[in-house]
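**Student:** Protein chains in written order, with our numbering: chain X, 3 to 541; chain E, 3 to 541.
It is worth saying that the hints were derived from the structure and are not from the lab.
Every residue gets a Cβ at the ideal spot worked out from N, C-alpha and C, and that includes glycine.
Keep in mind that a hint or two might mislead.
[To be verified] Chain X regions said to be covered by chain E (calculated; three or more residues, Cβ under 8 angstroms):
id: 1; stretch: 183 to 192
id: 2; stretch: 303 to 312
id: 3; stretch: 337 to 344
Number of protein chains: 2
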Amino acid sequence: MDFKDFSDLAAVDHLQQIAAAPCDLTRPGLLSADRFARYRLSSCGFDLLYATQRLDDTVLDGLQALADEAELVEKFRAMKKGAIMNRIEGYESEERQVLHTACRDIFGSRPDNPAAADQAKQQLALLQDFLRKLEEGTVVNHQGKSFTTMVQVGIGGSDLGPRALCLALAAYALPNRAVRFIANVDPDDAAAVLAGLDLSRTLVNVVSKSGTTLETLTNEQLVRAAYEKAGLDPAGHILAVTGQGSPMDDPERYLASFYMYDYIGGRYSATSMVGAVTLGFLLGYDPVLELLAGAHAMDQAAEEEDIRNNMPLLMALTGIWNHNFLGQPTLAILPYSQALIRFPAHLQQCDMESNGKFMTRQGNPVRWQTGPVVWGEPGTNGQHAFYQLLHQGTEIVPAEFIGFRHSQYGCDLEVEGTTSQQKLVANMLAQSLALALGRSHENPNRYFPGNRPNSILLADRLTPYSMGALLALYEHRIVFQGFCWNINSFDQEGVQLGKVLATRILVEIQRQDKEEAEPSADDSPEKNLLRQAAVSGRQ
Amino acid sequence: MDFKDFSDLAAVDHLQQIAAAPCDLTRPGLLSADRFARYRLSSCGFDLLYATQRLDDTVLDGLQALADEAELVEKFRAMKKGAIMNRIEGYESEERQVLHTACRDIFGSRPDNPAAADQAKQQLALLQDFLRKLEEGTVVNHQGKSFTTMVQVGIGGSDLGPRALCLALAAYALPNRAVRFIANVDPDDAAAVLAGLDLSRTLVNVVSKSGTTLETLTNEQLVRAAYEKAGLDPAGHILAVTGQGSPMDDPERYLASFYMYDYIGGRYSATSMVGAVTLGFLLGYDPVLELLAGAHAMDQAAEEEDIRNNMPLLMALTGIWNHNFLGQPTLAILPYSQALIRFPAHLQQCDMESNGKFMTRQGNPVRWQTGPVVWGEPGTNGQHAFYQLLHQGTEIVPAEFIGFRHSQYGCDLEVEGTTSQQKLVANMLAQSLALALGRSHENPNRYFPGNRPNSILLADRLTPYSMGALLALYEHRIVFQGFCWNINSFDQEGVQLGKVLATRILVEIQRQDKEEAEPSADDSPEKNLLRQAAVSGRQ
Chain X
3 MDFKDFSDLA
13 AVDHLQQIAA
23 APCDLTRPGL
33 LSADRFARYR
43 LSSCGFDLLY
53 ATQRLDDTVL
63 DGLQALADEA
73 ELVEKFRAMK
83 KGAIMNRIEG
93 YESEERQVLH
103 TACRDIFGSR
113 PDNPAAADQA
123 KQQLALLQDF
133 LRKLEEGTVV
143 NHQGKSFTTM
153 VQVGIGGSDL
163 GPRALCLALA
173 AYALPNRAVR
183 FIANVDPDDA
193 AAVLAGLDLS
203 RTLVNVVSKS
213 GTTLETLTNE
223 QLVRAAYEKA
233 GLDPAGHILA
243 VTGQGSPMDD
253 PERYLASFYM
263 YDYIGGRYSA
273 TSMVGAVTLG
283 FLLGYDPVLE
293 LLAGAHAMDQ
303 AAEEEDIRNN
313 MPLLMALTGI
323 WNHNFLGQPT
333 LAILPYSQAL
343 IRFPAHLQQC
353 DMESNGKFMT
363 RQGNPVRWQT
373 GPVVWGEPGT
383 NGQHAFYQLL
393 HQGTEIVPAE
403 FIGFRHSQYG
413 CDLEVEGTTS
423 QQKLVANMLA
433 QSLALALGRS
443 HENPNRYFPG
453 NRPNSILLAD
463 RLTPYSMGAL
473 LALYEHRIVF
483 QGFCWNINSF
493 DQEGVQLGKV
503 LATRILVEIQ
513 RQDKEEAEPS
523 ADDSPEKNLL
533 RQAAVSGRQ
Chain E
3 MDFKDFSDLA
13 AVDHLQQIAA
23 APCDLTRPGL
33 LSADRFARYR
43 LSSCGFDLLY
53 ATQRLDDTVL
63 DGLQALADEA
73 ELVEKFRAMK
83 KGAIMNRIEG
93 YESEERQVLH
103 TACRDIFGSR
113 PDNPAAADQA
123 KQQLALLQDF
133 LRKLEEGTVV
143 NHQGKSFTTM
153 VQVGIGGSDL
163 GPRALCLALA
173 AYALPNRAVR
183 FIANVDPDDA
193 AAVLAGLDLS
203 RTLVNVVSKS
213 GTTLETLTNE
223 QLVRAAYEKA
233 GLDPAGHILA
243 VTGQGSPMDD
253 PERYLASFYM
263 YDYIGGRYSA
273 TSMVGAVTLG
283 FLLGYDPVLE
293 LLAGAHAMDQ
303 AAEEEDIRNN
313 MPLLMALTGI
323 WNHNFLGQPT
333 LAILPYSQAL
343 IRFPAHLQQC
353 DMESNGKFMT
363 RQGNPVRWQT
373 GPVVWGEPGT
383 NGQHAFYQLL
393 HQGTEIVPAE
403 FIGFRHSQYG
413 CDLEVEGTTS
423 QQKLVANMLA
433 QSLALALGRS
443 HENPNRYFPG
453 NRPNSILLAD
463 RLTPYSMGAL
473 LALYEHRIVF
483 QGFCWNINSF
493 DQEGVQLGKV
503 LATRILVEIQ
513 RQDKEEAEPS
523 ADDSPEKNLL
533 RQAAVSGRQ
């Protein structure tokens, strides 16, 4: 495998040339029946409609050449098999495999990485057993009553993915099961969540791969104190998901313990025990398997070499087209599904933490743009909020719409001849067209320039299976882009400096209580800032 | 009042020159005690620490000249007094006053616009009376039981601001009072909210200024159907907040009705009845007055001519410095307070819908950048998510931190010598410094370039008063920027085209059910897209 700099690729040079005159979506007749039929790809239950991207066959051929030259699919296959993809050559780095796909490589007889797939199966068997005991009434509280709520305590990858999935699939929750989340070190986060709970009927799932995450350990202590205050034994209520050998790997202290492995990065861990335990509590075991099956199907579809038949790869490359060649710095993810309300926040993490990098895999500064700013909110809500800027602002924002033909609950009403679900989907399609086509108008304030690139992802219904496929689709899109930009999408060194400075400031806060020294010219920036912030050790 | 094009201002020309060599935050010794003390401003309980912006006295003087030349404060004062600020000269436009500040101009004897202030007082008196009846048990359900939940049905400005405020202040909720929100036309939004409620103890507050908002009217019908199905009379449960004379202005159909006025834009309406009714239900009447008092204090502080003593104006101008002169296309709002989880979404709307414009107030295309993409999530959560890109990405993202010295609930625990609240604030300060200072390192992957502009807003505690001040601070920052860019921040023509196309697509969906015609070369883009989307009238 050969990792070349993005700007050294012949395909990049060629794309730069054709980007000088990209396709204009407002050209009359461009959005023909033929174009819509041609720029459409179906995979794992999703249809990707990309006729409203600013591309044509020449661009697609150029992107195919880019994928081939950068050996994107080959690298993806190597990743699935267990290559050490999380590394920086020649420098100290994590030096790890990247095997989140193994979490769902449990259906066939020949997994890509048998050792990791076996570990996934072991953990799933433990989870199945635990969930059965909850259902049978073998695991109950001290009064013999069933547990009705699970609180997941985690942050970052141990929070955003699981939270997004639980919200997405809450329509399928088991009767009398609910989940909540605590993430922030802000004590009001835990206080607000715990205030509304009957602790005696609540399980708490503490999730930290390293077992050393400041926020999570602090919140675990807050939760343990709350149990003790309520006269309950924390060990009868608290579960752990952590890495083998971590400080939290101490089954005595927990009602149940599950493992995740160092070859799974936090932001890619939603289909490991990090997401599966709480999701299993909410939905039961079988829906978890369906989620994994959907993800696994996309894992396989991502191995296709033809970009016109590989949905994550095509989305990766159109993203690169918009970002690197058309110069758009951000990307909006716009699900037309209220259940996906936190999915953009998960993708924001997964994308920006993976590809917000400025050093190559060889430790050289990049000479091209890497990951964009990723953001978004559900439609139609967004239409009444920030869409004004999407249509008439001076910043051009490429958009990815996600929608479903049918609702989850099936509680709908026909008003003026159409259901709410039809109105929802019609609005999504309309926004895609409005961004692309624009509109001329004699009143300049009612003129829409159009030519704003976007695409639509559409499936029949948001189910565990389609959710799994959608999650994996975006995971792979991000990974393909990272390979193409020749960066390591699997570490996160950019979070270290803040931790170091926070520790220094905490030391300063503690010291400040004892002595309040006069400012001096050689005080550190931390000390100077802290003085002006007037934050005291006394609460 | 003179509205000049941004690029024609002498101050803009001057700022462009000094922007060629902006202050470098990584310069050793720059972040001195003196700089922190100097670049600090206190107003209405908030301290703004802006030493970590890329500016110096020369830049500040240039920004002052910009504020003076563009007559920003004069325009703001005119707005408060009732000038027709919502207009495009020479073209058909809304031609309205902009008087959201009148909603809180109720404390002194000489309001800026007496007529609007009187209307605000009348509505507040109605609200006070209604809340008293709830408390006294005069307004109860058919069984004589009190109401415990209020569901606000609204979208955009009738949802995001009220939702953000209720979440921000839920720590102060009255016993046995809770609020929920339904916004999306997605039928699963209403289904998920209604599934968890005892309708007999629930009030529903339907909010739409025009009384014609598709999503809100559809959801009102869904809710009415749910009441009828439960054998309850909707008229005993449903309230309305709408404009006088709107189709929803029909007190017979509602348990209570409140007015908002056409001089208040949806995204600026959180302190009108649009936000006050549900907030009053949750907290009681007095906290609503405190919120208004905090906002009113900021309304007055925003009239100061000296930018170093006018917090919203200074924030507006540093934003313009970063966006127009240093070329940063986005802005991250990062509250270190879990209670502010939806405040960035509110600001995203308020900012992007106001300033995502490309025509001047005279109907000419702008020749400069207007509003940035605004996005954000609470810290410390974000530190474990997208901060990687903030520190080491190729996109530079200016950041605004918001924090509080004390928690709301006061439920905290000392772990390793410091409380969670101290850890929270220390992390915020550390991130500000890390972005500014960066760090050299022999391992290139652990090197931080720094020099990334940011500022910190800090108050003692998130209360109704400080929430009001914070809300008004951002409202005015947005308005000042709009004045400076010579755009109309108060209309939203950019949402119209989507509505037109959605209607056409809905017609097409209905027609499609009857006849499935073969594609033809002269089909419209709507028809072509709909065919590929395979969305049917049959659910």
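**Student:** A separate judgement is required for each hint: does it hold in the structure or not?
**Tutor:** Status of the hints after comparison with the structure:
Only when three residues or more bring their CB closer than 8 angstroms to a CB of chain E does the claim for the stretch 183 to 192 of chain X stand; here the count is 8, and the claim holds. Restraint check on the stretch 303 to 312 of chain X versus chain E: 0 residues with Cβ-Cβ distances below 8 angstroms, three needed, restraint violated. Residues of the stretch 337 to 344 of chain X with a Cβ under 8 angstroms from some Cβ of chain E number 4, which satisfies the need for three, so the listed coverage holds.
In summary, the one numbered hint that this structure violates is 2.
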